[in-house]
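A.B. asks: Residue strings, one per chain:
There are 2 protein chains.
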Amino acid sequence: MFKKILYPTDFSECAEKALEYIKRLKEAGAREVVLLHVIDDSKVRFLLKGIAWAGGSEYEEKYKQKLKEEVECRIKKIAEELSSSDFIVKTEIREGNPYEQIVKTAEEEGVSLIVMGTHGRGRGASLLLGSVAENVIRHSSKPVFVIRG
Amino acid sequence: MFKKILYPTDFSECAEKALEYIKRLKEAGAREVVLLHVIDDSKVRFLLKGIAWAGGSEYEEKYKQKLKEEVECRIKKIAEELSSSDFIVKTEIREGNPYEQIVKTAEEEGVSLIVMGTHGRGRGASLLLGSVAENVIRHSSKPVFVIRG
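Keeping their order, the protein sequence lines are chains X and F. The letter at position 2 of the first sequence is residue 1 when you use the working numbering, and the numbering goes up by one with no holes. The letter at position 41 of the second sequence is residue 40 when you use the working numbering, and the numbering goes up by one with no holes.
The hints are all genuine.
The calculated lysine-lysine pairs, modelled on DSBU-like cross-linking and capped at a C-alpha distance of 30 Å, are:
| id | chain 1 | residue 1 | chain 2 | residue 2 |
| --- | --- | --- | --- | --- |
| 1 | F | 25 | X | 22 |
| 2 | F | 16 | X | 16 |
| 3 | X | 3 | F | 2 |
| 4 | F | 141 | X | 89 |
| 5 | X | 2 | F | 3 |
| 6 | X | 16 | F | 141 |
| 7 | X | 3 | X | 76 |
| 8 | F | 22 | X | 22 |
| 9 | X | 89 | F | 25 |
A short list of chain X residues far from chain F (calculated; beta carbon distances all over 10 Å):
| id | residue |
| --- | --- |
| 10 | 10 |
| 11 | 56 |
| 12 | 75 |
| 13 | 84 |
| 14 | 103 |
Since the hints were derived computationally from the structure, they do not count as laboratory data. Glycine is no exception: its CB is placed at the ideal position from the N, C-alpha and C atoms.
When you get a sec, could you build the whole thing from the sequences and use the hints?
C.D. replies: Below, the structure is given as structure tokens:
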């Protein structure tokens, strides 16, 4: 019921809070964590366009490289924290629409549930489209445990 | 973190599924359950109007009485099931908008989290307004664990 957890993180404080709940779920049988970060490609495209528009095309590659390194570094840190709590950890970095990639990873990995943080209303979430968490609930068949930051 | 759980139920199969997760959360420290059913007053008003329109006004009171008895009977059954699993159980029957009453009860009772079932997309949920679960996540500051039926 709680054995294999998908933990998508955007490295925010909300996501960090969710990590505490995962550790506690160990007592209810949690053993494995699939640690996922989705690079939101619409945001990256927006940024790269801005860089090109400002005439700094030589920074496009630098930006992509720096982003990759930053994500890998942060993911590694969280993976170590989970490993030291005796979880079996797998890390995933994907690009695309965050909620779609989360739903897809949950299916592919056959997780028991998804544990994720969410900002409150308004921040990063339009009322019409909903937050990433709302969209995950809407589109995934997996149980979803949402922790508000 | 998991001590006091609010469990709102509409007596559906999805809600029943959530009950299994609550029992399992005992191992992670769950002790008390506030068992809530919200009588959706907009639906009741709609029904009573229909009864009156059909000329059956004498059935309005009968309908309300029968609904009350039915809810009490079902709540009692679930409360007994939880008690026999060694939970401290409190039951609540409220009238109003389901998600608003769930959010309000969670605050008033100072629960640690909300565990609830949800139907998938489409059933009982418009894409624009979202399901009860989505609205609870949007409006409550409590962690919400959503189990899809």
